[in-house]
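Fit chain B with the ligand to the known structure of chain A by using the hints.
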Amino acid sequence: MELTFNLPGLETIEQRTVPLDSKTLYDVLIVGGGPAALTAAVYCMRKGVKTGLITLDVGGQVAETSTVENYMGYRHIEGISLVQRFKEQVEQFEIGFLQGYRATRVIDGNIKKVECEDGNLYQAKSIIITTGKRWRRLNVPGEAELTGKGVAYCAICDAPLFKDKDVIVVGGGNSAIEAAIDLAKLATSVTVVQLLPSLTADKVLIDELSKFTNVTILYEHEIKAIHGTSAVEAVTVHDIKNKKENTLSVQGIFIEIGLVPNTELVKNVVALNEYGEIIIDCSCRTSRPGIFAAGDVTSVPYKQIIIAAGEGAKAALSACDYVLTNK
Amino acid sequence: MALFDDKVKSQLSQLLSKIKNPIIINFFTQEIECPTCQTTHEFVQEIAGLNDKITLNVYDFLKNQDIAKEFGIDKIPAIIITDTHKNIKGLRFFGIPAGYEINSFITACLEVSGMAEPLPEAMISRIKKISKPIHIQVFVTLTCPYCPGAVATAHRLAIENPLITADMIESTTFTPLAVKHNVSSVPKVVINDIYEFVGAQPINVFLDMIEKI
Ligand SMILES: Cc1cc2nc3c(=O)[nH]c(=O)nc-3n(C[C@H](O)[C@H](O)[C@H](O)COP(=O)(O)OP(=O)(O)OC[C@H]3O[C@@H](n4cnc5c(N)ncnc54)[C@H](O)[C@@H]3O)c2cc1C
Numbered sequence: 005m006e007l008t009f010n011l012p013g014l015e016t017i018e019q020r021t022v023p024l025d026s027k028t029l030y031d032v033l034i035v036g037g038g039p040a041a042l043t044a045a046v047y048c049m050r051k052g053v054k055t056g057l058i059t060l061d062v063g064g065q066v067a068e069t070s071t072v073e074n075y076m077g078y079r080h081i082e083g084i085s086l087v088q089r090f091k092e093q094v095e096q097f098e099i100g101f102l103q104g105y106r107a108t109r110v111i112d113g114n115i116k117k118v119e120c121e122d123g124n125l126y127q128a129k130s131i132i133i134t135t136g137k138r139w140r141r142l143n144v145p146g147e148a149e150l151t152g153k154g155v156a157y158c159a160i161c162d163a164p165l166f167k168d169k170d171v172i173v174v175g176g177g178n179s180a181i182e183a184a185i186d187l188a189k190l191a192t193s194v195t196v197v198q199l200l201p202s203l204t205a206d207k208v209l210i211d212e213l214s215k216f217t218n219v220t221i222l223y224e225h226e227i228k229a230i231h232g233t234s235a236v237e238a239v240t241v242h243d244i245k246n247k248k249e250n251t252l253s254v255q256g257i258f259i260e261i262g263l264v265p266n267t268e269l270v271k272n273v274v275a276l277n278e279y280g281e282i283i284i285d286c287s288c289r290t291s292r293p294g295i296f297a298a299g300d301v302t303s304v305p306y307k308q309i310i311i312a313a314g315e316g317a318k319a320a321l322s323a324c325d326y327v328l329t330n331k
Numbered sequence: 017m018a019l020f021d022d023k024v025k026s027q028l029s030q031l032l033s034k035i036k037n038p039i040i041i042n043f044f045t046q047e048i049e050c051p052t053c054q055t056t057h058e059f060v061q062e063i064a065g066l067n068d069k070i071t072l073n074v075y076d077f078l079k080n081q082d083i084a085k086e087f088g089i090d091k092i093p094a095i096i097i098t099d100t101h102k103n104i105k106g107l108r109f110f111g112i113p114a115g116y117e118i119n120s121f122i123t124a125c126l127e128v129s130g131m132a133e134p135l136p137e138a139m140i141s142r143i144k145k146i147s148k149p150i151h152i153q154v155f156v157t158l159t160c161p162y163c164p165g166a167v168a169t170a171h172r173l174a175i176e177n178p179l180i181t182a183d184m185i186e187s188t189t190f191t192p193l194a195v196k197h198n199v200s201s202v203p204k205v206v207i208n209d210i211y212e213f214v215g216a217q218p219i220n221v222f223l224d225m226i227e228k229i
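Chains A and B, in that order, are what the protein sequence lines are.
Residues in the first sequence are numbered from 5 upward in steps of one, following the working numbering.
Residues in the second sequence are numbered from 17 upward in steps of one, following the working numbering.
For reference, chain A alone in the conformation it holds in the complex (with noise of 0.2 Å):
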């Protein structure tokens, strides 16, 4: 057996965070826990701005990812350890904190608001909404009752329970053509659906995966249901071409197919683009004054770490100006 230790491994700083408050009027409120939150929260605090920040998790999609290789500073890094240094950062500050509750609505005024699932209604002069994003679902029959069932959107974590099973995986770009790799090494075969008549991935993964014997790919076919009670036992396929659909049976389903916006919290609220996206302009600003936005949850072309973190300090600066500027 080939053992790692996926460690952060470094110092801990002393933790000055405060519970978030419903009784306090926040200069900034924080929506989200990912890079674009972490950014602002430090840029907000060293402004001196009353800051809270509340968020479902800490890491938000740098959590899910295995190494990091782009992000300035660390030629290679855990996602986890990356998060880890993104939190000491934040937590040397007193910055008002909720973690483990999901904001599920903002509303707008001359003082915001935003409604919390812990019962609490946090008060604001201004927001910073860093979503980010989620995995994309297929919107078929069978697919959100057999998730965690053998439905499945995390193959770095659930490849290793598909050890000679049959799967496969939905889509074609980098995120299920890495899939399907890590797959095919422990799975007795994986089939690869996609909807375009070729892959979108990088060529080094495409190449990579032609290595395999015991993958197949199906082009320009969709899934059309997923079947089973307490287990998925199979998938129908339709091939679009063709017009013909085939079931297959497999133990597994694996749905690569990208990620939609988190912004149920906003709708109405502010103005969003066709995929559902946050439209914001150069400084972060959203269409509704003292509300900005930053990150993946945005219209902001090209979705990274590093770019999620840089809006993060934008967004911050551009909300300290504002609460600064309407005192």
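Careful: at least some of the hints might be erroneous.
To be verified - Result set (DSS-like, lysine-lysine): computed pairs, CA atoms no more than 25 Å apart in a straight line:
(1) B:K102 / B:K79
(2) B:K228 / B:K196
(3) B:K85 / B:K196
(4) A:K91 / B:K34
(5) B:K228 / A:K91
(6) A:K91 / B:K79
(7) A:K169 / B:K196
What the hints assert, rightly or not - Facing chain B, according to a computed beta carbon distance under 10 Å, are these residues of chain A, among others:
(8) T8
(9) F9
(10) A67
(11) D186
(12) V236
Stated by the list, open to error - Listing some non-contacts, in silico: residues in chain A with all C-beta distances to chain B over 10 Å:
(13) L7
(14) L11
(15) I84
(16) K117
(17) K153
(18) S202
(19) L252
In short, the hints are calculated from the structure, not lab data.
Just so you know, even glycine gets a beta-carbon here, dropped at the ideal spot from N, CA and C.
Chain B with the ligand alone, transformed into the frame defined by chain A:
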């Protein structure tokens, strides 16, 4: 060959240097018919060698059945982290906590030593109110970056209430158990064999389910 290279060793020492009160690593093993016991044995030995406040007690699953029973151990390799008075006995690991799980292992060591991060008052009183035995099984794989979070949450509950036992279970080591619970995504949390959910959920989700039992 040592499991930890120099870099990992120095990182681990640094993390474990925050241990406050002495702790015991209770390890259950067996010489035969346990393919992963030997590596896990080396693992706990190397960990115990990193800090003076860690004592390692090694038990043979067959020969020390009385102690296995005291800890409620039904499979191996098993690690239970306790304080020296064994007041806290609910933080357990089945299978080797390598890969990402090294993080939940370190967290457990620090928490049992008295370094648990404080929880809000209201949360503590909810946990203390639990009056029935609760068994939380958290199924993981070693390549899952957010599984340690789920394990740490379950362990955090076990710190506050001795009626709560929380297990990390390495799914590929205990395949039949994982199959029994239909584990095909991790982390998968099973509470008293009745309630289950998939994903790293916050502590209040665990409590909502426990309170239904
Ligand atoms: C598998 C994978 C690998 C990747 N690899 C790389 C890479 O190598 N390099 C790179 O630069 N980028 C990579 N990316 C992209 C990068 O992770 C994202 O661009 C970046 O994390 C975006 O940051 P963010 O802060 O905008 O949002 P996210 O990281 O999505 O964080 C959103 C945060 O908001 C919280 N949240 C969401 N909704 C709510 C709500 N209603 N209430 C409260 N909190 C909420 C979430 O819990 C989360 O903490 C990868 C992404 C994935 C999925």
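Hints versus structure:
1. Between B:K102 and B:K79 the alpha-carbon distance is near 21 Å, which keeps this suggested pair within the 25 Å criterion.
2. Among the hinted pairs, B:K228 with B:K196 is consistent with the structure: their alpha-carbon atoms are about 23 Å apart, no more than 25 Å.
3. Of the supplied pair hints, the one linking B:K85 and B:K196 holds, its CA atoms being roughly 23 Å apart against a limit of 25 Å.
4. Restraint check for A:K91 and B:K34: the C-alpha separation of about 18 Å stays at or below 25 Å, so the hint holds.
5. Between B:K228 and A:K91 the CA atoms are separated by roughly 34 Å; this puts the pair beyond 25 Å, and the hint is violated.
6. Distance restraint check for A:K91 and B:K79: the Cα-Cα separation of roughly 46 Å exceeds the 25 Å cut-off, and the hinted pair is therefore not satisfied.
7. Of the pairs offered as hints, the one joining A:K169 and B:K196 holds, with about 16 Å between alpha carbons and a cut-off of 25 Å not exceeded.
8. Because the beta carbon of A:T8 sits about 6 Å from the nearest beta carbon in chain B, less than 10 Å, this interface hint is met.
9. At its closest, the beta carbon of A:F9 sits 5 Å from a beta carbon of chain B; the interface hint therefore holds under the 10 Å criterion.
10. For A:A67, the interface hint holds, since its Cβ comes within 10 Å of a Cβ in chain B; the closest pair sits about 6 Å apart.
11. Taken as an interface hint, A:D186 checks out: its beta carbon lies about 9 Å from the nearest beta carbon of chain B, inside 10 Å.
12. At its closest, the beta carbon of A:V236 sits 8 Å from a beta carbon of chain B; the interface hint therefore holds under the 10 Å criterion.
13. Non-interface status of A:L7 relative to chain B is broken: a Cβ of that chain comes within 10 Å, the nearest being about 5 Å off.
14. The claim that A:L11 lies off the interface is violated: its Cβ sits roughly 5 Å from the closest Cβ of chain B, which falls inside the 10 Å cut-off.
15. In this structure A:I84 is not separated from chain B by more than 10 Å, as the shortest Cβ-Cβ distance comes to only about 5 Å.
16. With a closest Cβ-Cβ approach of about 21 Å to chain B, A:K117 is found to remain outside the 10 Å limit, as its non-interface label requires.
17. Not every Cβ of chain B is farther than 10 Å from the Cβ of A:K153; the closest lies at roughly 6 Å, contradicting the non-interface assignment.
18. For A:S202, the requirement that its beta carbon stay farther than 10 Å from each beta carbon of chain B is met, with the minimum near 29 Å.
19. The claim that A:L252 is not at the interface with chain B holds, since no C-beta of that chain comes within 10 Å of its own (minimum 17 Å).
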